[in-house]
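J.: Read off the chains here:
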Amino acid sequence: MRVIGQPLFSRRVLPGFGLSLGFTLAYLTVLVVVPLAACLAKVSSLTGSQFVSAVWTERARAAYMLTFGVSCAAAVINVPLGLLLAWILVRYEFPFKRVFDSLIDLPFALPTAVAGLVYANLYVANGWLGRFLIPLGIYGAYSRFAIVLVLTFIGLPFVVRTVQPVLETIDAEIEEAAASLGATRLQTFFRVLLPSLIPALTTGFALTFARSLGEYGSVVFVSGNIMFKTEIAPVLIVSQLEEYHYAEATAIALVLLAGSFAMLAAINTLERWSRRYER
Amino acid sequence: MKGERPLVAAVSSERRFAQDPLWLRATLILLGVAIVAGLIVVPIVNVFYQALSHGVGTYWINLVRDPDTRHSILLTIIVAPVSVALNVIFGISAAWALTRFRFPGRALLLTSIDLPFAISPVVAGLMFVLLFGLQGYFGQWLRSHGIPVIFALPGLILATTFVTLPFVARELIPVMEAIGPDEETAALSLGAGGWQIFRRITLPNIKWGLLYGVILCNARAMGEFGAVYVVSGHIAGQTDTMPLRVQKLFDEYNNPGSFAVASLLTSLALVTLLAKVTLERKTRRELAAALAVETPIEPLTSRESP
Numbered sequence: 001m002r003v004i005g006q007p008l009f010s011r012r013v014l015p016g017f018g019l020s021l022g023f024t025l026a027y028l029t030v031l032v033v034v035p036l037a038a039c040l041a042k043v044s045s046l047t048g049s050q051f052v053s054a055v056w057t058e059r060a061r062a063a064y065m066l067t068f069g070v071s072c073a074a075a076v077i078n079v080p081l082g083l084l085l086a087w088i089l090v091r092y093e094f095p096f097k098r099v100f101d102s103l104i105d106l107p108f109a110l111p112t113a114v115a116g117l118v119y120a121n122l123y124v125a126n127g128w129l130g131r132f133l134i135p136l137g138i139y140g141a142y143s144r145f146a147i148v149l150v151l152t153f154i155g156l157p158f159v160v161r162t163v164q165p166v167l168e169t170i171d172a173e174i175e176e177a178a179a180s181l182g183a184t185r186l187q188t189f190f191r192v193l194l195p196s197l198i199p200a201l202t203t204g205f206a207l208t209f210a211r212s213l214g215e216y217g218s219v220v221f222v223s224g225n226i227m228f229k230t231e232i233a234p235v236l237i238v239s240q241l242e243e244y245h246y247a248e249a250t251a252i253a254l255v256l257l258a259g260s261f262a263m264l265a266a267i268n269t270l271e272r273w274s275r276r277y278e279r
Numbered sequence: 280m281k282g283e284r285p286l287v288a289a290v291s292s293e294r295r296f297a298q299d300p301l302w303l304r305a306t307l308i309l310l311g312v313a314i315v316a317g318l319i320v321v322p323i324v325n326v327f328y329q330a331l332s333h334g335v336g337t338y339w340i341n342l343v344r345d346p347d348t349r350h351s352i353l354l355t356i357i358v359a360p361v362s363v364a365l366n367v368i369f370g371i372s373a374a375w376a377l378t379r380f381r382f383p384g385r386a387l388l389l390t391s392i393d394l395p396f397a398i399s400p401v402v403a404g405l406m407f408v409l410l411f412g413l414q415g416y417f418g419q420w421l422r423s424h425g426i427p428v429i430f431a432l433p434g435l436i437l438a439t440t441f442v443t444l445p446f447v448a449r450e451l452i453p454v455m456e457a458i459g460p461d462e463e464t465a466a467l468s469l470g471a472g473g474w475q476i477f478r479r480i481t482l483p484n485i486k487w488g489l490l491y492g493v494i495l496c497n498a499r500a501m502g503e504f505g506a507v508y509v510v511s512g513h514i515a516g517q518t519d520t521m522p523l524r525v526q527k528l529f530d531e532y533n534n535p536g537s538f539a540v541a542s543l544l545t546s547l548a549l550v551t552l553l554a555k556v557t558l559e560r561k562t563r564r565e566l567a568a569a570l571a572v573e574t575p576i577e578p579l580t581s582r583e584s585p
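Quick mapping for you: the protein sequence lines, in order, are chains A and B. Final position of the first sequence in the numbering used here is 279; the numbers increase by one with none missing. Final position of the second sequence in the numbering used here is 585; the numbers increase by one with none missing.
Since the hints were made in silico from the structure, they are not lab data. It is possible that some hints are incorrect.
[What the hints assert, rightly or not] Partial list, derived from the structure: chain B residues whose beta carbon lies under 10 Å from chain A: (1) 299; (2) 321; (3) 412.
[Claimed, not checked] The following residues of chain B were derived to be distant from chain A, with all beta-carbon distances above 10 Å: (4) 331; (5) 338; (6) 340; (7) 342; (8) 343; (9) 352; (10) 421; (11) 423; (12) 424; (13) 463; (14) 477; (15) 502; (16) 505; (17) 508; (18) 516; (19) 555.
[What the hints assert, rightly or not] Taking CB as the label site, the calculated pair distances span: (20) 13/A with 425/B: 19 to 27 Å; (21) 425/B with 45/A: 37 to 45 Å; (22) 52/A with 427/B: 51 to 59 Å; (23) 189/A with 567/B: 25 to 33 Å.
Backbone N, C-alpha and C define an ideal beta-carbon position, used for all residues, glycine too.
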């Protein structure tokens, strides 16, 4: 957003530009750029057909499909859940609301290995929840549903925390205007509120989705990791690595990276889009 | 973490809304409480219940008598602070460069700080194995110089630092952007040096935001699993951090032992949440004060008040 006539490098009054920028760039180069370059270099040692046969095996395809499917499912589930939680946090008063609000951030703070461990334990046949759910035919551990469940937990705060601030900034006047023009509450919600929340909901969806794509720590505990059935792409990468198939592992990692970067680009576009609504 | 509410946005405004009918309010609140209870509260309670199910004595023995568990705790206490310290230096430096200066490529740099969030931890670990592993690009050189990286402490630190790289910078950038450079410029005009400005002006202004970033960064550093899993080689008593120890005990069907370590990590998460809430309140006040003072001094560069 440069104003015309403003110089490209604005006047630098404060000291430390060279030092801070230099250090920042050096740090990012060592920790991010060089490792990413190593990934590309490793893959470029494969020929085209080798690459295809590494990333497009039946096992790998099953893993991509599963990773994509469970991430999508968890993100879809989190949209209404997140909207509900954000709604009651912004609009209603109830006892222990502060505690409730901060508990929602627990999935960000809890190590994923702990999440996986406890979810596996809760939903097995003699677990606290499994003993009621398994007789009903709901298998919350060592199944695809188990992966969706734990990913829903991991992603829970994203939608809440993207929707909450937007909901807070919506003026009461808008709703009053809709009501004074004869709209019912339901109409006001679907016609007036929801459209302005859609960018935030979509961003939350994309964040949950992106996080789920790469998730490893929690899934490895609950999924059982059975080839073709409950093996997600990150688990496949690890098992390729453990067999010292470095190039194949990297090729699959590159597919996963491409997916994540596409999501990151989408999120950035969405954030720009949603800022339009904030004015 | 990406998607978390930036502190700046947390400055809330007054609101008055048409109240929903009681039955609707009650239903939605109960539904929300049920979701949080089922997904979050029950698992937390379960961790402590399982850890203590064989009595406090067994719990203590599980934590203290097992040398491998003891070592994993020690290792986590070494790795996390080193990673956090590195990322604090990076965060401050990046925030200074990005908020106090405008330069071409600034937006690109801002985005690239978030890159580690978009990369699967497993892929992060893999990248370091490709660089420093025995088969890796620098593997032979490191080996001939007797420097262990992969399956050793430096690898654990590298992987953890990568995964937690954005945390401090992401918290500091919005805070420093909101506070603005006026105080620092004033100090400069009064003859203060760079280091003096940073220590006397910038650091006191950002201290709560910085601490907030440190706490989030530390929680993730201590709990990181995927990236560390790939680079550690899982040598019990040598390269197992606490989360890796949780998994190893789980695989050995030692549930009480596994949950004992998990209970420590869960306590850490709860302390992190508590600190987070306290700091959010402090930072909000700090920001509100900064914004209130600024407006009358420099009305021309009107900054939007939230």
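J.: It remains to establish, for every hint, whether it holds in the given structure.
T.: Right, here's what the structure says about each hint:
no., hint, in the structure
1, 299, "holds (7 Å)"
2, 321, "holds (7 Å)"
3, 412, "holds (8 Å)"
4, 331, "holds (14 Å)"
5, 338, "holds (16 Å)"
6, 340, "holds (20 Å)"
7, 342, "holds (15 Å)"
8, 343, "holds (20 Å)"
9, 352, "holds (13 Å)"
10, 421, "holds (14 Å)"
11, 423, "holds (19 Å)"
12, 424, "holds (18 Å)"
13, 463, "violated (6 Å)"
14, 477, "violated (8 Å)"
15, 502, "violated (3 Å)"
16, 505, "violated (4 Å)"
17, 508, "violated (7 Å)"
18, 516, "holds (18 Å)"
19, 555, "violated (7 Å)"
20, 13/A with 425/B: 19 to 27 Å, "violated (49 Å)"
21, 425/B with 45/A: 37 to 45 Å, "violated (27 Å)"
22, 52/A with 427/B: 51 to 59 Å, "violated (36 Å)"
23, 189/A with 567/B: 25 to 33 Å, "holds (32 Å)"
Taken one by one, the earlier hints fail for this structure at numbers 13, 14, 15, 16, 17, 19, 20, 21, 22, listed in ascending order.
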